[in-house]
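Whenever a hint applies, use it, and build me the whole structure from the sequences.
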Amino acid sequence: MAFVCVLDASDVDCDTFKNGDAWTVAFRIGADKELNLNYFAQVGLEIRGGGGLEYYFNIVKVDGDDSSEHTYWSGKETSSFIIVSDRERILNAICRATVWILSCAQPQEVYRITYDEHPTEKSLKKHELICEAFRQAGYQVVRGDPYGDKRIWWAHRLAGEPASTNPTLDDGEEGQYTMTGGHGRVRL
Amino acid sequence: MMPQRQVPGAEAPQPRMSRPEQIEFMEQAEERCRGYTQRWLADPAFRAALHRYDRDRSRDAPSLSEAPQ
Numbered sequence: 001m002a003f004v005c006v007l008d009a010s011d012v013d014c015d016t017f018k019n020g021d022a023w024t025v026a027f028r029i030g031a032d033k034e035l036n037l038n039y040f041a042q043v044g045l046e047i048r049g050g051g052g053l054e055y056y057f058n059i060v061k062v063d064g065d066d067s068s069e070h071t072y073w074s075g076k077e078t079s080s081f082i083i084v085s086d087r088e089r090i091l092n093a094i095c096r097a098t099v100w101i102l103s104c105a106q107p108q109e110v111y112r113i114t115y116d117e118h119p120t121e122k123s124l125k126k127h128e129l130i131c132e133a134f135r136q137a138g139y140q141v142v143r144g145d146p147y148g149d150k151r152i153w154w155a156h157r158l159a160g161e162p163a164s165t166n167p168t169l170d171d172g173e174e175g176q177y178t179m180t181g182g183h184g185r186v187r188l
Numbered sequence: 189m190m191p192q193r194q195v196p197g198a199e200a201p202q203p204r205m206s207r208p209e210q211i212e213f214m215e216q217a218e219e220r221c222r223g224y225t226q227r228w229l230a231d232p233a234f235r236a237a238l239h240r241y242d243r244d245r246s247r248d249a250p251s252l253s254e255a256p257q
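Line order of the protein sequences matches chains A and B.
The numbering of the first sequence is the working numbering, which starts it at 1 and goes up by one.
The numbering of the second sequence is the working numbering, which starts it at 189 and goes up by one.
Accuracy of the hints is not assured; some may be wrong.
[Said to hold, decoys possible] SDA-like cross-link-like pairs, simulated, lysine to any residue; straight-line CA separation at most 25 Å:
{"no.": "1", "chain 1": "A", "residue 1": "Lys18", "chain 2": "B", "residue 2": "Asp244"}
{"no.": "2", "chain 1": "A", "residue 1": "Lys61", "chain 2": "B", "residue 2": "Glu218"}
{"no.": "3", "chain 1": "A", "residue 1": "Lys125", "chain 2": "A", "residue 2": "Ser67"}
[Stated by the list, open to error] Covered by chain A, according to a simulated footprint, are these stretches of chain B (three or more residues, beta-carbon under 8 Å):
{"no.": "4", "region": "217 to 224"}
{"no.": "5", "region": "232 to 240"}
In case anyone wonders, no lab produced these hints; they're calculated from the structure.
Computed from a predicted structure; not experimentally measured.
Heads up, the beta-carbon is just placed ideally off N, CA and C, and yes, glycines get one too.
Structure, rendered in C-alpha cells:
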C-alpha cells in the first residue's frame, strides 16, 4: 500500500483554527490505509515579530498506530511518495485554502519565504501559484530580489478588494461561517 | 532597503523590512516555521482534527469472545 490521494476534484473539507491573530487551516490530502497513516496539508498565518503575518504551508503525516505526527516542509521530501498528478491536486487545494485563510484573517501585510535553500525553477513555479492565490484574495504581491539562499515575497492587502471565496458550511447549508472556541469546519 | 522586483500587474509597495531584517528573517525561517506547527500540534482540538481518521486497530482485532476456543 502507498499514499493514495483522497482529495475530491471539487471540494476541500477544511478545519479552520484561530488563536489570537494566528490562523491555520488543515485538510486531509491522502492516506495509506495499510499503515494507518493519514496525510494533511496545513496552511497557516502567524504573527511576525516585526509586524504583519507570516504565511506558510506544509504536509503533516499522522500515524494512527502511535498517535505521532511528522511534518514535511520540503517538496523534495514528499516527491518520494506523492506522484506528480497528486502533487498538482494538492497544490491546487493549498491555493484554495490560502484564499480562504486570507479571507478569514484579512491581514494588511503578509510575508512568505521559501523553506528550501536555492529553490529550483519548478519550486518557484509552485510559489508563483501561491502568489496567484494571494492576488485572487485581493493582495498585491512583491518578490524580493534573490540574495542569500532563500526567496522572500511580501503581500499587501488592497483596500476594498473582497476575498473571492464561496465556502459552504460543514452541514451543507449556506450561511454565515462561524467558529466555536476558535475552531470551525468548512467546505471550500 | 534592497531593490524589489514587481510582480506583473501589481504596483510596487515597499515592505517594512530592512535588508538586515530580511537576512534575519531568512536565517531563522526553518526554526520559526517548525515552531508554528509545533504550537498548533500542542492544541488538543487541532490534534484531534488530524487524528479524526485514525483507524482504531483494537476494533480490527477479534474480541476474546470471538477468538477461537
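Here's how the hints hold up against the structure:
1. A:Lys18 <-> B:Asp244: The given pair, whose Cα atoms are some 29 Å apart, is violated under the 25 Å limit.
2. A:Lys61 <-> B:Glu218: Status holds; Cα separation ~18 Å.
3. A:Lys125 <-> A:Ser67: Answer violated: Lys125 (chain A) to Ser67 (chain A) is near 34 Å, above 25 Å.
4. 217 to 224: holds (count 6)
5. 232 to 240: holds (count 6)
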